[in-house]
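Chain order of the listed sequences is A and B.
The opening position of the first sequence corresponds to residue 1 in the working numbering, with each subsequent residue numbered one higher.
The opening position of the second sequence corresponds to residue 1 in the working numbering, with each subsequent residue numbered one higher.
Treat the hints with care, as some may be off.
[What the hints assert, rightly or not] In silico lysine to any residue, SDA-like type, Cα no more than 25 Å apart, as pairs: (1) Lys98/B / Ile13/A; (2) Lys26/B / Ser73/B; (3) Lys44/A / Ser39/B; (4) Lys98/B / Val89/A; (5) Lys56/B / Leu96/A; (6) Lys44/A / Ser71/B; (7) Lys83/A / Gln36/A; (8) Lys26/B / Leu39/A; (9) Lys69/B / Ala81/B; (10) Lys71/A / Gln97/B; (11) Lys83/A / Ala30/A; (12) Lys70/B / Gly40/A; (13) Lys11/A / Arg64/A; (14) Lys44/A / Gly95/B; (15) Lys56/B / Ala78/B; (16) Lys15/A / Gln100/A; (17) Lys78/A / Asn24/A; (18) Lys98/B / Lys15/A; (19) Lys11/A / Val89/A.
If you are wondering where the hints come from, they were derived from the structure by calculation, not from laboratory data.
A quick note: this is a predicted structure, and the numbers were derived from the prediction, not measured.
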Amino acid sequence: EAGVAQSPRYKIIEKRQSVAFWCNPISGHATLYWYQQILGQGPKLLIQFQNNGVVDDSQLPKDRFSAERLKGVDSTLKIQPAKLEDSAVYLCASSLVPDQGQYFGPGTRLTVL
Amino acid sequence: SQQGEEDPQALSIQEGENATMNCSYKTSINNLQWYRQNSGRGLVHLILIRSNEREKHSGRLRVTLDTSKKSSSLLITASRAADTASYFCATMNTGFQKLVFGTGTRLLVSP
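Working from the sequences, and respecting the hints, build out all of it.
This is the structure in structure tokens:
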């Protein structure tokens, strides 16, 4: 089966610019996650969708980050405006149901200058 | 916030040796999962153990869970150079459906 797809793989922007990431989960997976992984740390959950609805966004900096999952399939994560501390790898993952293992995409490495 | 703490932070062994990594956590859990991350294959789910299970095997992997001590261990037997990666434990708390990752153990397996 095809894995989780993400694009772009790399992005370099200047602070205060905006950026968007795209994710296509494994077909049939109702749960979709966005994580932020800073170098040397474990992934941190930003937002979790169950179909179209948001299950958890408690660690999403809502003043600058937004995410949507249209039609319960693809998802986009946006940062506007970006700050230096947003430099990280942004990982998308999906699972059939929330309490099973998650399948991760290759990630987008964001560098904010 | 990070829930699990892996120990050791880094581990260096020779091929053929066994590698043991430990994870401690703070709150009651629904399940605990182990993931591997390397530059070639990204973050990959290895094994999931539920709170009512004590031990689980998958190939060369053996995971134990002690809920009374709030700890888990991952044993990789007969390590190979390809096992070189960072290993993360992740916990799913009781009543929540959110996975919280630890800080990871960096494993280096030398030929």
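Notebook entry, point to check: Hint by hint, which ones does this structure get wrong, listed from lowest number up?
Noted result: Hints 1, 9, 11, 16, 18 not satisfied by this model.
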